[in-house]
Amino acid sequence: MTGYFLYAFIYLVAAVIAVPIAKRLGLGSVLGYLIAGLVIGPILGLVGDETTTIQHFAEFGVVMMLFLVGLELEPRSLWAMKSKLLGLGGLQLGLTTLLITGVAIALNQPFSIALSIGLIFALSSTAIVLQTFQEKGLQQTEGGKSAFSVLLFQDIAVIPMLALIPLLAIPELVASAAEHGSHGDGHENLSLVEGLPPWAYALVIIGSVAFVTVGGHFLSRPLFKFVASSHLREIFTATALMLIIGIAALMGLVGLSPALGAFLAGVVLANSEFRHELEANIEPFKGLLLGLFFITVGAGINFTVLSENTGMIIGLTVAVMLVKAIVLYIIAVTFKLRDSNRWLFTLSLAQAGEFGFVLLSFAAQNYVLPTNIIAILSLVVAISMFLTPGLFIVFDKLIMPRYRGNTNQREQDTIDEQGSVVIAGIGRFGQIINRLLVANDVNTVVLDIRSEQIDLIRRIGTKAYFGDASKPDILHTAGAHEASLLVIAIDDKHTAAEMVKYAKHAYPNLKVLARAFDRGHGYRLRQLGADYVVSETYHSALEMGAEALRSLNIHPFQVERQKMAYKNIEDQQNDVLYHAWIDDASGERIDNNYLKLFVELESLIEDALKTDLHDKHSKMRGWTPPPKGYADKLAGDDAFDDA
Amino acid sequence: MKVKDEDFEGNKSARKILVLFAHPAQARSEVNIPLFSDAQNNQHVTAVDLYAEYPDFNIDIECEQQRLINHDVIVFLFPLYWYSTPSILKEWQDLVLEYGFAYGQDGTALKDKLFLCAISAGGKEEAYQSDGFNHFTIRQLLQPLEQMASITHMTYLAPFALFGSRTAHEEHRINEHRKKWETLLEKLATRQLDMDKATTIENLADLCKQKGE
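For the protein sequence lines, the chains are A and B, in the order given. So the first sequence is residues 19 to 661, counted in this note's numbering. So the second sequence is residues 2 to 214, counted in this note's numbering.
One chain only, chain B, in its complex shape:
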């Protein structure tokens, strides 16, 4: 998949969004695949399926860095695996975020970009509480990524999370979540997102509710 070169002439203020999608078992996906296909169909988004592009984990560092440079918003889209990303996203971080590029001396390529995670979590929302089953909130669990954003000079936004994702399909919650996702992408691109709330809230999905909800 090549870096999409959208022509933003006449719409200079629209943000370009890069969605890096990581799902190693897409045939079983019920939540992430629909979100990914929505992203693919969004004119402001470059959607990359990392497992498709690098099935052997042979990540092209040069190409990935160029993609980062070309976009204003970086989104990791993934199902939560052991309170973290699927392994290819970790590999991607290890390889692409080089010293002198993303951090360290002259490492300012990512400065002032927005970063967020769009995740699906199998556990219920109540489980991700300090007194819940998982003992930590989702923001707490994603702190390594928050700090990654910090050291690479990016603005970290709250995760856009769907809880109880294993039964979301049966409970007909996916369409609603997709609508919120569309709203989020639109607000990000058109700079409509309330940044104060977006950086501090627990779940970004709560900021993307439809009218009347």
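Next comes chain A alone, as it looks inside the complex:
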């Protein structure tokens, strides 16, 4: 047990030190993790053989990442991507495999080995690329979307590759393995479909995909609702994890890629009201697991093999990346990606990826590649991944500046789904606000912790999500960092205050409009930084009072003026009262100045609104007629008819 703690501690220390430094130096978190792994692995020798095992575990981060990517992608937009997916992805995979296989044959490798090398290197790193896109906000650019299409196609293509590779087995290797007795290597092979005839296999696959899609659509909602109604955060997290792990397990059992299954589930849930809550719950796990994965890549670099074959490994890495980049560039030109997007597409995908590791170990298991070649190829994969953050830096520093002027416009257009107003709480109060905003074509993201409420609102066609808006990560996934306004209309006084405080602290540029329960709560919200505060009963009470006056046969316009007068005095005195409240609240005054001023406000309002018995008007200014007989005093002036 202590041993595990020690390992975990070493990994965490490495990440905690290296990642912030890398980030500060502008290298990005991925490179930080890779360097951390390099330091604790080959350089200091703190961790050793267990890295491979941990890596298999950490690969689950990729599954989670694809789930999250799926959540961002509604089925409609996925369908719209289909030509890109097949065109870009198919061309990339086909051409790269062809070229690399050709090069390998030219280097005197037999065809079967050359082909598996080609397949392995044709894949790119979903983990690094998507993580970096997210960090740099590149997902929504044309280049980012195209790169994503290719990555998705690759993830799908892994499945037939896994079927193809055993067919490439080299007879001599199989024979020699049979002599020594076979050995497993960490990948367990639990399978439901082993030994099934092809038609049954196909049926099982179709059945499980259908189960994920239909189940995700129909079963998830009642389940989440049930769980949400318990108001236990950790159970919601557990449910989210259960969902992903369950899907991964199912896909594994039927021989499909878990990442693909998770992606599919994500797409199915993209329209769900629980989307933001799911995102917020899975995000930290994904981040940690991916970080762990990157560390293991760094730690897995074998310095002995590297130093023995330095020239060849470096040469191969450069050759692989060059071939991939050339293919990508040609595709980018063919598909009319322009300017910086062309380069982003080319540079971001020019590495080998984590699926390369999977295929390598699979190839070893199936005696397709001899071990000495595998050791070298693993290093090539790892180093090319290591170099990728460098390519992103090149893109940032050298390429982006050249195109900044003419790409900004287009990139801004494609950013969608981040509402410009986040509304927390969609009860009686929030609904009115949302309706008014939506009617004026304002993008809103609505959050509420009552799933019944969300259900109701969704039924009338509002985009609403289940989620605790007072949770920082929920606020973030709802787009608070890009929103211009946050409207807080939640019932709980304390939570509302905490939210104001957090939102103003975390997003200083975000304007916060908050509903207050009463005057004291309103002042508290104002003190915490809310930009606009309104008491929930103020305006409706004023309206009701006005209606009461009208019912008593006071002239409606006179009533309107009295209402205005009330508002004016309230506005004027509000500041004074607020400061008195602060003094009282901080205990600086013992004479209860606030209460005194509050009484004063009451009498001020009464005084101002009191109607003058003589001319039956209040003392408020406005439309005051000139004094009687004034016309005679206007000597020398022209007559002035005021009647």
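Since the hints were derived computationally from the structure, they do not count as laboratory data. Careful, some of the hints might be misleading.
Not close to chain B: a few residues of chain A, all C-beta gaps over 12 Å, as computed [to be verified]:
1) 224
2) 257
3) 306
4) 490
5) 550
6) 576
7) 582
8) 586
9) 601
10) 624
11) 649
Ranges of calculated distance between the beta carbons of each label pair, as one might list FRET restraints [unchecked claim]:
12) B/133 <-> A/645: 37 to 47 Å
13) A/562 <-> B/177: 53 to 63 Å
14) B/67 <-> A/490: 37 to 47 Å
Just so it is clear, the structure is predicted and the values come from calculations on it, not from any experiment. Beta carbons are placed, not taken as given, at the ideal position from N, Cα and C, and that holds for glycine.
Fit chain B to the given chain A structure using the hints.
Just chain B now, kept in the frame of chain A:
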């Protein structure tokens, strides 16, 4: 919008101009909005959007009177509605020009200030003639405002008018009008305006023509 407190040290003779802008449908505005934004960008001008400041017509009398006191030239900028101002400007007059402030005993706060209207009119210039479609000239139609200036002891200048404003955009006349507007504001501020002509002419825009026109 707060009253702009321009520092005129070293330039004591420059007049301070207050533009009170009234347009209730600004999304449809083609003429007035450009003029208003020119006014906002002019260092001699305090530009107030009345409908923005008082969307509920709850006009702050005290603040408006202080604005008047702080400026030397008062301009009403508005599209002509039924031969008069949009309603908020009428409300503004009713509330702000109080007895004892603007007129009547001791009501001399506006004495010797300049007053003018900058208007856009949909009808063509020919329509605003005694024998035209509208039967009265623009100066005649604005006589209530002229008399308002008179009783509040202000000097009334001819209106600065753009006729046929509904098609001014299509006929590319707006830029020219804006240039004249800039010229007018400049001349008012720097006291270059020919006062004899400015008080008697029919349309102040005719006094602000560019050289060579």
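Checklist entry - Does the no-contact call for residue 224 of chain A survive, Cβ to all of chain B over 12 Å? => result 55 Å, holds
Checklist entry - Since residue 550 of chain A was said not to touch the interface, does its Cβ keep a gap of more than 12 Å from each Cβ of chain B? => result 15 Å, holds
Item to check | Check on residue 582 of chain A being off the interface with chain B, judged by Cβ distance over 12 Å | outcome: 5 Å, violated
Checklist entry - Using the C-beta atoms of residue 133 of chain B and residue 645 of chain A, is the stated range 37 to 47 Å upheld? => result The hint (37 to 47 Å, Cβ to Cβ) holds, given that residue 133 of chain B and residue 645 of chain A are roughly 43 Å apart.
Checklist entry - Once the closest CB in chain B is found, is it more than 12 Å from residue 601 of chain A? => result For residue 601 of chain A, whose nearest Cβ neighbour in chain B is about 27 Å away, the distance exceeds 12 Å, so it holds.
Next on the checklist: According to the definition I'm using, a residue is off the interface if its beta carbon is farther than 12 Å from all beta carbons of the partner; does residue 257 of chain A meet that for chain B?
Outcome noted: 48 Å, holds
Checklist entry - Per the stated criterion, does the least C-beta distance between residue 586 of chain A and chain B lie above 12 Å, as a non-interface residue requires? => result Check fails; 7 Å does not lie beyond 12 Å.
Checklist entry - Between residue 562 of chain A and residue 177 of chain B, is the Cβ distance one that fits in 53 to 63 Å? => result 54 Å, holds
Checklist entry - Beyond 12 Å from every Cβ of chain B: is that where the Cβ of residue 490 of chain A lies? => result 36 Å, holds
Next on the checklist: Minimum C-beta separation from residue 649 of chain A to chain B exceeding 12 Å: can you confirm that?
Outcome noted: 10 Å, violated
Item to check | residue 576 of chain A non-interfacial with respect to chain B [C-beta, more than 12 Å] | outcome: 15 Å, holds
Item to check | Check on residue 306 of chain A being off the interface with chain B, judged by Cβ distance over 12 Å | outcome: Given that every Cβ of chain B is farther than 12 Å from that of residue 306 of chain A, nearest at about 50 Å, it holds.
Hint compliance for this structure: hints 7, 8, 11 are broken, all remaining hints hold.
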